[in-house]
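If you count by UniProt numbering, then the sequence shown holds residues 1 to 280, one letter each, in order.
Some hints here could point you the wrong way.
[To be verified] Below 30 angstroms or equal to it, Euclidean Cα-Cα: the simulated BS3-like pairs (lysine-lysine) are:
1) 185 with 62
2) 201 with 156
3) 185 with 156
4) 147 with 167
5) 201 with 62
6) 260 with 185
7) 167 with 201
8) 156 with 167
9) 185 with 25
10) 185 with 251
11) 27 with 75
12) 260 with 226
13) 266 with 201
14) 248 with 185
15) 156 with 27
16) 260 with 248
17) 185 with 163
18) 167 with 185
19) 251 with 266
[Claimed, not checked] Derived DEER-like restraints, expressed as beta-carbon distance ranges:
20) 185 with 79: 52 to 62 angstroms
21) 135 with 1: 38 to 48 angstroms
22) 34 with 166: 22 to 32 angstroms
23) 156 with 269: 24 to 34 angstroms
The set of hints was computed from the structure by calculation and includes no laboratory data.
What you are looking at is a predicted structure, and each value in this text was computed from that prediction instead of being measured.
Glycine is no exception: its CB is placed at the ideal position from the N, C-alpha and C atoms.
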Amino acid sequence: MEFTALDFETAHGARWSICQVGIVKVKNGEIIDRYETLVRPPDNRYHSFNTTIHGITAEMTKNAPSFFQVWEDIKPYIEGQLIVAHNAGFDVGALEQTLELYDLDVPEFQYDCTYRITGAALDDVCYTYGWTLNHHNALADAEACAKLYIECLSEKELPIFEKNPFKKKKGSNPFRTQLTGDILKPDFENADPDSPFYRQKVVITGIFNAWERLELATIIKGLGAKINTNISGLTNIVLVGSDPGPSKLQKVKMLNASGKNIEIVKEEELKEILSVLNHN
């Protein structure tokens, strides 16, 4: 029973924006080591939504080391190890994307996910077991994950996890806000007819690091676009951020295969287009 439990907190919608690392090393069913550090994300930029979740601010990390600077400390906990996280897809993705950002090699490791095993939120797990949890503190979450995985590896049957009645209600994520109301009504009269978005039916999917969903929709609408929420044969352009809706992309692929010409524009390309428009 040897593994490393870890948790990352991020500064905004991009997974490479790690701002806190929590690591717990387990051997023979016992916690033998802990590691935690704040990390200064690229540009030390935060979104208020993320700060409301974990409480970390730019002021707190302005003098913190970058992930590049702490990687040699972190690497031995990960290389060749079994990594465990609660919602491991997120944490492994954050690790891989951050290493790629700094042009660092991704080490070999295996991983497992306590959320996949239990299907329960971490704060519900801790409430059921009577464990204290400073939720969304990276080290606290990593330690709770480690304790849960030890329970999962034991021969004991897992309990039915109760809902934590003291759970804080999460606000809606502005990076994934469902677009409704006036933003879906086009404003052709006040838009530049020479804009590449003029009278184009545009769908936004995924998380954009530079803009909240409503902010981006407002920009594109101002350029003459008709914002839609669903892909159809009438769609002209799909703006694609990270973690886009797979069903939307599949529908674009299907429609284009049938003869439609729906253009996919990713965030970096969109930034270049808007930069040119802003300088004209």
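Each hint tested on the structure:
Distance hint between residue 185 and residue 62 is unfulfilled; the C-alpha atoms sit about 41 angstroms from each other, more than 30 angstroms. Between residue 201 and residue 156 the CA atoms are separated by roughly 55 angstroms; this puts the pair beyond 30 angstroms, and the hint is violated. Distance restraint check for residue 185 and residue 156: the Cα-Cα separation of roughly 57 angstroms exceeds the 30 angstroms cut-off, and the hinted pair is therefore not satisfied. For the suggested pair residue 147 and residue 167, the alpha carbons sit about 20 angstroms apart, so the restraint of at most 30 angstroms is met.
For the given pair, residue 201 sits about 41 angstroms from residue 62 by alpha-carbon distance, which is inconsistent with the 30 angstroms threshold. Between residue 260 and residue 185 the CA atoms are separated by roughly 24 angstroms; this keeps the pair inside 30 angstroms, and the hint holds. Pair hint residue 167 plus residue 201 does not hold up; C-alpha atoms about 40 angstroms apart against a cutoff of 30 angstroms. Under the criterion of a C-alpha separation no larger than 30 angstroms, the hint pairing residue 156 with residue 167 is consistent with the structure, at around 27 angstroms.
Proposed proximity of residue 185 and residue 25 is contradicted: the alpha carbons are some 54 angstroms apart, above 30 angstroms. With a CA separation close to 24 angstroms, the supplied pair residue 185 and residue 251 stays within the 30 angstroms bound. Distance restraint check for residue 27 and residue 75: the Cα-Cα separation of roughly 17 angstroms lies within the 30 angstroms cut-off, and the hinted pair is therefore satisfied. Simply put, residue 260 and residue 226 have alpha-carbon atoms about 18 angstroms apart, close enough for the 30 angstroms limit, and the pair holds.
Between residue 266 and residue 201 the alpha-carbon distance is near 16 angstroms, which keeps this suggested pair within the 30 angstroms criterion. For the suggested pair residue 248 and residue 185, the alpha carbons sit about 21 angstroms apart, so the restraint of at most 30 angstroms is met. About 19 angstroms separates the Cα atoms of residue 156 and residue 27, which keeps this hinted pair within 30 angstroms; it holds. Between residue 260 and residue 248 the alpha-carbon distance is near 15 angstroms, which keeps this suggested pair within the 30 angstroms criterion.
Restraint check for residue 185 and residue 163: the C-alpha separation of about 40 angstroms exceeds 30 angstroms, so the hint is violated. Restraint check: the Cα-Cα separation between residue 167 and residue 185 comes to about 37 angstroms, which exceeds 30 angstroms; the hinted pair is violated. Restraint check for residue 251 and residue 266: satisfied, since their Cα atoms lie roughly 17 angstroms apart, inside the 30 angstroms limit. Checked against the hint of 52 to 62 angstroms, the C-beta distance between residue 185 and residue 79 comes to roughly 54 angstroms, which is consistent with it.
A hinted range of 38 to 48 angstroms is violated for the C-beta pair residue 135 and residue 1, which are about 25 angstroms apart. In this structure, residue 34 and residue 166 meet the distance hint of 22 to 32 angstroms, their C-beta atoms being roughly 26 angstroms apart. Distance hint for residue 156 and residue 269: a CB-CB separation of about 52 angstroms, inconsistent with the stated range 24 to 34 angstroms.
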